[in-house]
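Asker: Sequence:
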Amino acid sequence: MEATPGRERLIEQFKADGLKVMFGNPGTVEQGFLDAVDAAEDFGYVLALQETVAAGIADGYARATGGAALLQLHSGVGLGNGIGMLYQSLRGHTPLVVVAGDAGVRYDAMDAQMASDLVAMARPVTKYATRVTDPRSVLRTVRRAVKIALTPPRGPVFVALPMDVLDELNSEPVLPATVPLTDVAPSPASVGRAAELLASAARPVVLVGDGVALSGAQRELVAVAELLGADVYEVDSSEVNIAASHPLRRGQTGHMFGPHSKELIGDADGVLIVGTYVFPEVFPELESPFRAGAKVVHIDLNAYEIAKNHPVDLGLAADPRQALHALAGVLERQLTPQRRAAAAARLDVRTRERDREAGAATEDDGTPMGVFLRTLAERTGGDLIVFDEALTTSPLVTRYLPAERPGDYHLTRGGSLGVGFPGAVGAKLARPDRLVVGFAGDGGSMYTYQALWTAARHGIDAKFVVCNNRKYRLLDDNIAQYWRERDIPEHGFPGSFDLSHPEIDFAGLARSLGAGGMRVEKPDEAVAAVGRMLSHPGPFLVDVQI
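Each residue of the sequence shown is one higher than the one before, starting from 1257 at the first, in my numbering.
One or more hints might be untrue.
Result set (EDC-like, lysine to aspartate or glutamate): computed pairs, CA atoms no more than 16 Å apart in a straight line [as the list claims (entries may be wrong)]:
1) Lys-1276 to Glu-1258
2) Lys-1383 to Asp-1367
3) Lys-1271 to Asp-1298
4) Lys-1727 to Asp-1689
5) Lys-1383 to Asp-1364
Okay, the calculated beta carbon distance ranges per label pair [said to hold, decoys possible]:
6) Ala-1784 to Gly-1549: 30 to 36 Å
7) Thr-1284 to Ala-1441: 49 to 55 Å
8) Leu-1731 to Gly-1522: 44 to 50 Å
Read the hints as simulated data drawn from the structure, not as lab findings.
Just so it is clear, CB atoms sit at the ideal spot from N, CA and C, and this is done for glycine as well.
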């Protein structure tokens, strides 16, 4: 094969792996590579004004496509800027292929400007981190990285690309990476054992996470839950694993306090865990939250998560879809008429409860945000993609825009702020045929507000909503819990939680970045705001006062 510069061949490798758009922010040590990017056919570059924004857009793009996304960061300083967002991608299992340049292998001994150990920096927030030092192994290394990123448990990977390595002639073959198939079914004996452990439960519970969505196991999950008559709680969950309207879905266990999760599942005598780790709270229970004697079955492709924190009776390292399909089949054959009747009765109770809740959800609460969301739901019929970083306003968002269909809802994950707006930009770029609305709190939005400029520059018609309560409201809620646990009298919240002064003109900021924007202070302004947002050609932001 005729040799060409490594920087050009690298682009061909990315294209062979379906990575035809790169998100990034440029730097000097990547200049030769980015020059080649500019000249390449059928390969695009989406410019962000800061690396955190680029990483957030890439994360949203990957989540919306269901595949990998390509992210370019600038050496150690750019990697440092992006690390907080890469942590979100790691926790959320987003398959990002992250590349960063450095001045060159020949300069390693000089300890020069911007010299840093990129691999050591990237390793804590990626599945795999490496640096190419031989011009004959550039594409080989990238293929390995792509394979690792896309193999469950998915996650970000990092490859450092020295300038002099990419300048060398390269004759490696351009071949797509081989990603192993992981649709592994458990053995009939192990499925039978799982059915035996769960079938007799009088108070069954199913705990699920995004492993269900990744394997496309939503239908199989519902089948098993209905056969057992089991409440379903979402744990490490940021995608649609079960429709919000299903009567057995009981919501999320939460990510802050272990006692809350324990309260939800403490009475269960049979627990099925699928596609999640347990438990992801910031302040988890150190002792097992499961009832003594409860039978626990854990299904996950990620064997590391099975019994990681608490013992289980049976762990199955298997694809959730295959395992749940097999489990449903065994339960269909083996459940006694009495157990079927008990399961049907539990389902009937939850169905009647859900019917009552659905009636109450049709009315708004009269607040600007309530009117805005109700109007948005009515105007769109719920046919939109929501990227949700509303945090304390999320319950209201999902009340009017419930997460029903896979791919229509993406929730923030990982604990780092700032993914809501860039995530919406990435999702809209991936799904240009769909209406995409990103929700963020006023605090979270300011981490990555520059995403609106990227949307305007590249003609990405995403919409944005600031849930503006002039504070880091989640911190107010969390410190109130802290005070209660320690019998500390309530008092004024720390001043560092307050964002009310000086006041931020979010609509004005949006306009300065090339997007449209308006502010909603009163309920009667919310209806017009929805109309303006939906009719505006290009990115548009609504600042809703709470």
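Asker: Now look at each hint and say whether the structure bears it out.
Answerer: Status of each hint after checking the structure:
Restraint check: the Cα-Cα separation between Lys-1276 and Glu-1258 comes to about 23 Å, which exceeds 16 Å; the hinted pair is violated. Note on Lys-1383 and Asp-1367: the hinted pairing is violated, with a Cα-Cα distance of about 27 Å set against a maximum of 16 Å. This hinted pair checks out: Lys-1271 and Asp-1298 have alpha carbons roughly 8 Å apart, not beyond 16 Å. A distance of roughly 35 Å separates the Cα atoms of Lys-1727 and Asp-1689; the hinted pair therefore is violated under the 16 Å criterion.
About 25 Å separates the Cα atoms of Lys-1383 and Asp-1364, which puts this hinted pair outside 16 Å; it is violated. A beta carbon spacing of about 58 Å between Ala-1784 and Gly-1549 contradicts the range 30 to 36 Å that was offered as a hint. Against the hinted window of 49 to 55 Å, the Cβ-Cβ separation of Thr-1284 and Ala-1441 comes to about 51 Å, which satisfies the hint. Here the CB-CB span from Leu-1731 to Gly-1522 is close to 28 Å, at odds with the stated 44 to 50 Å.
In summary, the numbered hints that this structure violates are 1, 2, 4, 5, 6, 8.
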